[in-house]
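Trainee: Chain residues, written in single-letter form:
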Amino acid sequence: EAQVTQNPRYLITVTGKKLTVTCSQNMNHEYMSWYRQDPGLGLRQIYYSMNVEVTDKGDVPEGYKVSRKEKRNFPLILESPSPNQTSLYFCASSSQGQGAYGYTFGSGTRLTVV
Amino acid sequence: AQSVSQHNHHVILSEAASLELGCNYSYGGTVNLFWYVQYPGQHLQLLLKYFSGDPLVKGIKGFEAEFIKSKFSFNLRKPSVQWSDTAEYFCAVSSYNQGGKLIFGQGTELSVKP
Numbered sequence: 048e049a050q051v052t053q054n055p056r057y058l059i060t061v062t063g064k065k066l067t068v069t070c071s072q073n074m075n076h077e078y079m080s081w082y083r084q085d086p087g088l089g090l091r092q093i094y095y096s097m098n099v100e101v102t103d104k105g106d107v108p109e110g111y112k113v114s115r116k117e118k119r120n121f122p123l124i125l126e127s128p129s130p131n132q133t134s135l136y137f138c139a140s141s142s143q144g145q146g147a148y149g150y151t152f153g154s155g156t157r158l159t160v161v
Numbered sequence: 003a004q005s006v007s008q009h010n011h012h013v014i015l016s017e018a019a020s021l022e023l024g025c026n027y028s029y030g031g032t033v034n035l036f037w038y039v040q041y042p043g044q045h046l047q048l049l050l051k052y053f054s055g056d057p058l059v060k061g062i063k064g065f066e067a068e069f070i071k072s073k074f075s076f077n078l079r080k081p082s083v084q085w086s087d088t089a090e091y092f093c094a095v096s097s098y099n100q101g102g103k104l105i106f107g108q109g110t111e112l113s114v115k116p
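Those sequence lines, one after another, are chains A and B. Quick note, the first sequence lines up with residues 48 to 161 if you use the numbering used here. Quick note, the second sequence lines up with residues 3 to 116 if you use the numbering used here.
Wrong hints could be hidden among the right ones.
[What the hints assert, rightly or not] Label pairs and their computed distance ranges (CB to CB): (1) B:S5 x A:G63: 31 to 39 Å; (2) B:Q4 x A:I59: 34 to 42 Å; (3) A:K65 x B:D56: 47 to 55 Å.
Everything labelled a hint here was simulated from the structure, so no lab data went into it. The C-beta atom is built at its ideal place from N, Cα and C for all residues, glycine as well.
Looking at chain A on its own, in the form it has when it is part of the complex (with noise of 0.2 Å):
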């Protein structure tokens, strides 16, 4: 089944403490993307990737960090967590460019930094 796996689904976690929330598709598409959805915001993009090891900023990308070494992987990195950070992170990913034809989300990730 084609799919975007995110893990973990949920995670509590106190301010400071590195996490990562992984991504990955198996659909071989070349471009992928994280959004944090916040309630009255709708989402808003943090990082996306064109492909490997080609990544670059979206909207709101202060205080988060990706990587992009394999065609299906594109972890999101926070190095030092803070309660601002709270929110509601969707992986997705498309077979063309920054998603002009729509994208397969992953099931989310709820983080809660306290």
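Here the structure of chain A is known, so what remains is to put chain B in place on it, guided by the hints.
Mentor: Structure of chain B alone, referenced to chain A:
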């Protein structure tokens, strides 16, 4: 700045009522248009999309949307809603002028009373 605006933050309807959710965008040039739905606790799923051709597009579960280029609008409609349509709905637009980046609206929460 380019943006996508959804007119209503929260809509409450009774079953069998008709639905129309507004979406306006501020991009120029060629655009691709999408509506995504997010059921409670789930990830975003594509409801329908418009790339070209007939401006009235039909999606899954009886939803349709009409692209009116002169009004920069892409409103979502359904003649008769069901309780199971309770969800959050996101309009999204990609523009080739912006490198194909997909931008989301703020979302509209739909509550359908049985």
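Trainee: Please check whether K65 of chain A and D56 of chain B have a Cβ separation lying inside 47 to 55 Å.
Mentor: Check passed, 50 Å falls within 47 to 55 Å.
Trainee: Does the Cβ-Cβ separation between S5 of chain B and G63 of chain A fall within 31 to 39 Å?
Mentor: Since S5 of chain B and G63 of chain A have Cβ atoms about 34 Å apart, the given range 31 to 39 Å holds.
Trainee: At the C-beta level, are Q4 of chain B and I59 of chain A separated by a distance inside 34 to 42 Å?
Mentor: Cβ of Q4 of chain B to Cβ of I59 of chain A: about 36 Å, so the range 34 to 42 Å holds.
Comparing the model with each earlier hint shows no violations; every hint is respected.
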